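Trainee: Note that the protein sequences, when read in sequence, are chains A and B.
Count the first sequence with this note's numbering and you get residues 15 to 119, in order.
Count the second sequence with this note's numbering and you get residues 15 to 119, in order.
Hints are supplied without guarantee of correctness; some may be wrong.
One copy or any two copies: either way a pair holds, since identical chains are not told apart in the list.
[To be verified] Taking lysine to aspartate or glutamate pairs in the EDC-like style, the calculated list, with each CA pair at most 20 Å apart, reads: (1) Lys43 - Asp63; (2) Lys17 - Glu74; (3) Lys17 - Glu99; (4) Lys16 - Asp81; (5) Lys29 - Asp81; (6) Lys29 - Glu99; (7) Lys17 - Glu54; (8) Lys32 - Glu54; (9) Lys32 - Glu72; (10) Lys16 - Glu28.
Hints are computed from structural coordinates only; laboratory data are not their basis.
Since the model is a prediction, treat every value here as computed from it, not as a measurement.
Spelled out from the first residue to the last, the chains are:
There are 2 protein chains.
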Amino acid sequence: MKKINLYEENGFSEKSMKNFLVHDSPYFKILNFNFKAGQELPIHSHDIDGQLSITVLEGEGEFLGADGATMPARQGDVLVSDIAEPHGIRAGTDLRVLVTIAPPI
Amino acid sequence: MKKINLYEENGFSEKSMKNFLVHDSPYFKILNFNFKAGQELPIHSHDIDGQLSITVLEGEGEFLGADGATMPARQGDVLVSDIAEPHGIRAGTDLRVLVTIAPPI
Numbered sequence: 015m016k017k018i019n020l021y022e023e024n025g026f027s028e029k030s031m032k033n034f035l036v037h038d039s040p041y042f043k044i045l046n047f048n049f050k051a052g053q054e055l056p057i058h059s060h061d062i063d064g065q066l067s068i069t070v071l072e073g074e075g076e077f078l079g080a081d082g083a084t085m086p087a088r089q090g091d092v093l094v095s096d097i098a099e100p101h102g103i104r105a106g107t108d109l110r111v112l113v114t115i116a117p118p119i
Numbered sequence: 015m016k017k018i019n020l021y022e023e024n025g026f027s028e029k030s031m032k033n034f035l036v037h038d039s040p041y042f043k044i045l046n047f048n049f050k051a052g053q054e055l056p057i058h059s060h061d062i063d064g065q066l067s068i069t070v071l072e073g074e075g076e077f078l079g080a081d082g083a084t085m086p087a088r089q090g091d092v093l094v095s096d097i098a099e100p101h102g103i104r105a106g107t108d109l110r111v112l113v114t115i116a117p118p119i
């Protein structure tokens with residue numbers, strides 16, 4: 015059993031999104047990404063089995079999907095996507111998200 | 015790809031914690047538990063492989079561990095535990111948590 019606090023462990027950078035590895039095991043990988051307004055995790059996909067969730071902890075922006083599709087992203091949203099499906103996120107305000115990938119990439 | 019908003023989908027109840035199934039797949043199960051102050055997920059474990067994470071989205075309380083151990087639980091905390099290890103949580107204020115279990119129980 016281990017506990018970490020995302021607010022203590024990860025901040026923001028004007029240069030690019032800040033990536034923090036929370037946990038990695040044979041079962042899942044957990045990452046925290048913090049974005050300043052305008053920063054993004056560009057749309058991407060990997061041709062492997064599995065799914066991921068993106069939970070918006072704070073702030074707002076847009077989830078990015080295939081063919082230029084977007085969906086509003088706001089606090090309390092949970093997006094679930096196949097790893098093989100194009101996904102990304104763009105920050106409209108300072109934005110904290112938690113990403114869980116199973117099985118881990 | 016699907017998106018749900020926890021604040022829209024799940025509220026609080028004076029009777030007991032409110033449980034909302036966000037997602038269930040062969041890869042992971044995602045649940046949202048909302049607790050009024052004083053409510054709890056009693057300490058428990060299952061003798062199977064796998065791990066779970068408990069992320070505190072809002073509010074505070076205590077994580078519960080083996081032999082009466084407790085750890086403060088506050089916004090931004092992520093607890094990771096083996097499913098086979100005793101774990102639980104008690105709310106000190108109204109408390110929203112997200113639980114991810116991999117592989118799903």
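Trainee: Now tell me, hint by hint, if it's right for this structure.
Mentor: Structure-based check of all given hints:
| no. | hint | result |
| --- | --- | --- |
| 1 | Lys43 - Asp63 | both (14 Å within a copy, 16 Å between copies) |
| 2 | Lys17 - Glu74 | between (26 Å within a copy, 14 Å between copies) |
| 3 | Lys17 - Glu99 | between (31 Å within a copy, 14 Å between copies) |
| 4 | Lys16 - Asp81 | between (40 Å within a copy, 16 Å between copies) |
| 5 | Lys29 - Asp81 | neither (27 Å within a copy, 46 Å between copies) |
| 6 | Lys29 - Glu99 | neither (28 Å within a copy, 40 Å between copies) |
| 7 | Lys17 - Glu54 | between (27 Å within a copy, 18 Å between copies) |
| 8 | Lys32 - Glu54 | within (11 Å within a copy, 34 Å between copies) |
| 9 | Lys32 - Glu72 | within (14 Å within a copy, 22 Å between copies) |
| 10 | Lys16 - Glu28 | neither (30 Å within a copy, 30 Å between copies) |
In this structure, the earlier hints numbered 5, 6, 10 are contradicted, and the remaining ones agree with it.
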